[in-house]
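Engineer: Using the hints, position chain B against chain A.
Residue strings, one per chain:
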Amino acid sequence: MTVWLGTVLWPKLQRRRHNTWHRLGRWTFALIGLLIALAVYGTAFWFLRLCYQVEVVGPLLVRRLLDVVLLALLSILLLSNIVTSLSSFFLASDLDLLVSAPVPPRTLFGARFAEQIVQSSWMVLAFGLPVLLAFAKVAGTPLTYPILFVAIPPLLIVPGGLAAIITMLLVRSFPAARVRDLALTMAFIAFLILYVMLRLLQPERFINPDGFASMVTFLASFSAPSEAWVPSHWATEVIASTFRDDAGTGQPCLMLAALWTGAGSAFVISSFTFRRVFAEAYSRSQQGRKVARISRLWARLVGARPAADGAIRAPRRIGADADWLRVLGALAPRGPAREFLIKDLKLLVRDASQWSQLVLLVALMFVYLYNFRHFRQIGEAGLVDQLTVFLIGLGLSAFVTTAVSVRFAFPLISMEGRMLWLLYSAPMPRGHILRSKLLSTLPPLLLVAVVMAAASAHILGVSATLTWLSVGVALLTAVSVASIAVGIGALVPDYRAESAAKVAASFGGLVCMSVAMAVALMLVAWAAYPAWVLYHERGYRLGVLVGCGCGALLTAALAVWLPLHLGTRALTRRDLV
Amino acid sequence: METCEPVLRLTDLRKNFGTFPALQGINLQVNAGQVFGFLGPNGAGKTTTLRIVTGLLQPTSGRLEICGVDASRQPLEAKRRIGFIGDRPFLYEKLTGAEFLRFLGGLWGMSRPDIDREQRRWLERFDLETWAGEPVEAYSHGMRQRLLLCGALLHSPQLLIMDEPMVGLDPRGAARLKDVVRELATEHGVTVLLSTHTLDVVEQVCDALAIIDCGKVIACGTLDEVRNSHQAQGERLEQLFLQLTTGAPRDQPALTPDS
Numbered sequence: 036m037t038v039w040l041g042t043v044l045w046p047k048l049q050r051r052r053h054n055t056w057h058r059l060g061r062w063t064f065a066l067i068g069l070l071i072a073l074a075v076y077g078t079a080f081w082f083l084r085l086c087y088q089v090e091v092v093g094p095l096l097v098r099r100l101l102d103v104v105l106l107a108l109l110s111i112l113l114l115s116n117i118v119t120s121l122s123s124f125f126l127a128s129d130l131d132l133l134v135s136a137p138v139p140p141r142t143l144f145g146a147r148f149a150e151q152i153v154q155s156s157w158m159v160l161a162f163g164l165p166v167l168l169a170f171a172k173v174a175g176t177p178l179t180y181p182i183l184f185v186a187i188p189p190l191l192i193v194p195g196g197l198a199a200i201i202t203m204l205l206v207r208s209f210p211a212a213r214v215r216d217l218a219l220t221m222a223f224i225a226f227l228i229l230y231v232m233l234r235l236l237q238p239e240r241f242i243n244p245d246g247f248a249s250m251v252t253f254l255a256s257f258s259a260p261s262e263a264w265v266p267s268h269w270a271t272e273v274i275a276s277t278f279r280d281d282a283g284t285g286q287p288c289l290m291l292a293a294l295w296t297g298a299g300s301a302f303v304i305s306s307f308t309f310r311r312v313f314a315e316a317y318s319r320s321q322q323g324r325k326v327a328r329i330s331r332l333w334a335r336l337v338g339a340r341p342a343a344d345g346a347i348r349a350p351r352r353i354g355a356d357a358d359w360l361r362v363l364g365a366l367a368p369r370g371p372a373r374e375f376l377i378k379d380l381k382l383l384v385r386d387a388s389q390w391s392q393l394v395l396l397v398a399l400m401f402v403y404l405y406n407f408r409h410f411r412q413i414g415e416a417g418l419v420d421q422l423t424v425f426l427i428g429l430g431l432s433a434f435v436t437t438a439v440s441v442r443f444a445f446p447l448i449s450m451e452g453r454m455l456w457l458l459y460s461a462p463m464p465r466g467h468i469l470r471s472k473l474l475s476t477l478p479p480l481l482l483v484a485v486v487m488a489a490a491s492a493h494i495l496g497v498s499a500t501l502t503w504l505s506v507g508v509a510l511l512t513a514v515s516v517a518s519i520a521v522g523i524g525a526l527v528p529d530y531r532a533e534s535a536a537k538v539a540a541s542f543g544g545l546v547c548m549s550v551a552m553a554v555a556l557m558l559v560a561w562a563a564y565p566a567w568v569l570y571h572e573r574g575y576r577l578g579v580l581v582g583c584g585c586g587a588l589l590t591a592a593l594a595v596w597l598p599l600h601l602g603t604r605a606l607t608r609r610d611l612v
Numbered sequence: 054m055e056t057c058e059p060v061l062r063l064t065d066l067r068k069n070f071g072t073f074p075a076l077q078g079i080n081l082q083v084n085a086g087q088v089f090g091f092l093g094p095n096g097a098g099k100t101t102t103l104r105i106v107t108g109l110l111q112p113t114s115g116r117l118e119i120c121g122v123d124a125s126r127q128p129l130e131a132k133r134r135i136g137f138i139g140d141r142p143f144l145y146e147k148l149t150g151a152e153f154l155r156f157l158g159g160l161w162g163m164s165r166p167d168i169d170r171e172q173r174r175w176l177e178r179f180d181l182e183t184w185a186g187e188p189v190e191a192y193s194h195g196m197r198q199r200l201l202l203c204g205a206l207l208h209s210p211q212l213l214i215m216d217e218p219m220v221g222l223d224p225r226g227a228a229r230l231k232d233v234v235r236e237l238a239t240e241h242g243v244t245v246l247l248s249t250h251t252l253d254v255v256e257q258v259c260d261a262l263a264i265i266d267c268g269k270v271i272a273c274g275t276l277d278e279v280r281n282s283h284q285a286q287g288e289r290l291e292q293l294f295l296q297l298t299t300g301a302p303r304d305q306p307a308l309t310p311d312s
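For the record, the sequence lines run as chains A and B.
Going by the numbering used here, the residue at position 164 of the first sequence is 199; the numbering climbs one at a time, nothing skipped.
Going by the numbering used here, the residue at position 193 of the second sequence is 246; the numbering climbs one at a time, nothing skipped.
Only chain A is shown next, with the shape it has when bound in the complex (with noise of 0.2 Å):
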């Protein structure tokens, strides 16, 4: 009476054979995917060879940078993990059937493992390996290519055995708040963690050697091995071993044991941990999910009295914030739209998966803006022309704004779900339902796009009129990013997703990135000429400015019209089953 692993994964993987879209858009994901890592690649060869070329420093910068895209990719797929980990072991659907099936712990953990692992590290290695392959080819030799793939898969596992150590014991030690104070505190868990090893690699000492006392103390800050304990650095470690220009002072065959004996060891503490607190903790995980002990503490920060019989209830002030939001409302136009918003705005207060998610937006995008001036510094240690950094940061704020958008417009018409029959059934024509959507999204996208844009141009210390350029770019990317978003979100909704985090990464979501990515590229591409004009402040031919700017409006226009036109389209034609 054996259950096997493969019995309790095989659900998932039919699932996403009998998906429809997944069956029919096969071929254009693989296409899409591939252009995309095509393009990752070029950049990351084009960026990489440029640092190798520096003198004497070249091959040790290079190898510093793989430190540093290591380390981030063990951040992201931490936090990624955590976010995940959390569905996998605790909120996932399926987990009451599974759980009162005679599965044994090992089998259910190492399903529910390997589920976690896969879900949250795809999007990351896809991004990750082309830049990972273009190092290989700038500074690595042929034997760097197999050592890629026997360095990264421990790095997947070591987050992903932290993340369910992290969420079990977390879990288990808050049992009646469940959603909302674990979510909070697993975000600023995240944030935390991400920061301190963000600052901990002090990524601005290597991009400006003359910081250093001298080009010694400089070299020695590359090779010193300041963070033993990573395991980034010990991948960093063995796969540098096999560059062309490797010292062969290190220890790769010591690392790349610590490495797999570290995931190892993260996959066994985490499996022991399961079986020891699993039960007990998704025992506690089903308790008091309408009345979490946050509303305990803002009843007696408010000073209510508890009830007279021990009872648990939500205190009445809590009701308050529906007013609060009815306020916020009049940042959209009165009818649908407003009620949209004000709809829209209670879901993500109250829904703990969605707000929890904004935290760390929010908390990123501080990580992010603070590590943004290092930019500057490469720009003054003349690896590439300040122009040239301003329009990265543009583009990097344009990513921002756009996966802003695909994680909260994307998924709106698909979590309005079964839901759908009452906004059918109301009087106003179907297309009303999508340009409500979209201009309750549009305030906060717009207010996250022209901070970051104004925040970036800040700290670059650029002028007032290229400030002012980029936040007129910022703009118009919110506003076409965000008709994408809501026009093919319509287009290919998902009503049956469990939450809207699955329908952003969908393969629709994907699709929905890369087209909006491209829109948004195409606008920054609009504004070289008119920035290299400002920054230069050269004469200019007034026929390729007043072209560059109908270009960027023309691309905005049909960026707006025709998703949504799509979209509205859909809507119409589709039955409501």
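Be aware that one or more of the hints could be misleading.
[Said to hold, decoys possible] Using C-beta positions, here's what the derived DEER-type ranges look like: (1) A:T607 x B:R289: 51 to 57 Å; (2) B:D180 x A:L597: 44 to 50 Å; (3) A:S300 x B:Q127: 25 to 31 Å; (4) A:R310 x B:D253: 42 to 48 Å; (5) A:G452 x B:D232: 46 to 52 Å.
[What the hints assert, rightly or not] Partner residues are not named here, just some residues of chain B that face chain A (Cβ under 7 Å, in silico): (6) K132; (7) L148; (8) T183; (9) A185; (10) V189; (11) A191.
Hint data in this document are derived by calculation from the structure and do not stem from the laboratory.
Backbone N, C-alpha and C define an ideal beta-carbon position, used for all residues, glycine too.
Structural biologist: Then chain B, alone, in the frame of chain A:
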């Protein structure tokens, strides 16, 4: 088929949610071959009890035995003897009915020939054989309920636990389910623990019943025994239920999703 061997025995079962005592010492015995009705008002602790029996919740204290197996010491052995249909059961929408059953058989450690044989048997019994190759998302509510029943019976459980199985079924579906429940008990020897608000169903199919309120069993036995012990001879179960549960505080906070 009814014998006096206890298939399910709960001894002083308690469950606290924070400071709120959801179960305050449940004592219950369900004998082999019985169809046992488990009644109570909303928030009384029915679902909490059933979720503890199925291993989804852990009790704060007390003892739980399933077919003589101590569920706290041998949870897997205990689970092997149970079939469970929850009040809001999960189905993989993208799997076909046959694939879903094959998956369940795998979870219960059944061999492939056994799965095939039992799957055919139950799909035919519940008129689902022509739909077996269709994805679950195309099924109606009644078909889903029947598929769940197939899944719960696939591994020949000794104890079948059904939480609100009548919800959403049309009169024909409900009547069919009642027939099936009786047939399972009388012809297949399956003990059925049935939680429901439909008191007519309890009157028609249950051999014994327990009424739970505020986390305590307030009445237990055959319907006649319960009537006699409360001087309510000849009364309908509905009147008796209302009489026994009137005056108790209602609408406790929803500490679990399904309580």
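Engineer: Now look at each hint and say whether the structure bears it out.
Structural biologist: Now the hints, each set against the structure:
1. A:T607 x B:R289: 51 to 57 Å: 53 Å, holds
2. B:D180 x A:L597: 44 to 50 Å: Holds: the Cβ-Cβ distance is about 48 Å, inside 44 to 50 Å.
3. A:S300 x B:Q127: 25 to 31 Å: Holds - the Cβ-Cβ distance for A:S300 and B:Q127, about 30 Å, lies within 25 to 31 Å.
4. A:R310 x B:D253: 42 to 48 Å: 45 Å, holds
5. A:G452 x B:D232: 46 to 52 Å: 35 Å, violated
6. K132: Constraint on B:K132 satisfied, holds at 4 Å.
7. L148: Nearest chain A Cβ about 5 Å off; hint holds.
8. T183: The hint is violated - B:T183 has no Cβ within 7 Å of chain A, the shortest such distance being about 19 Å.
9. A185: 14 Å, violated
10. V189: 10 Å, violated
11. A191: Where the cut-off is 7 Å and the nearest Cβ of chain A is about 10 Å from B:A191, the hint is violated.
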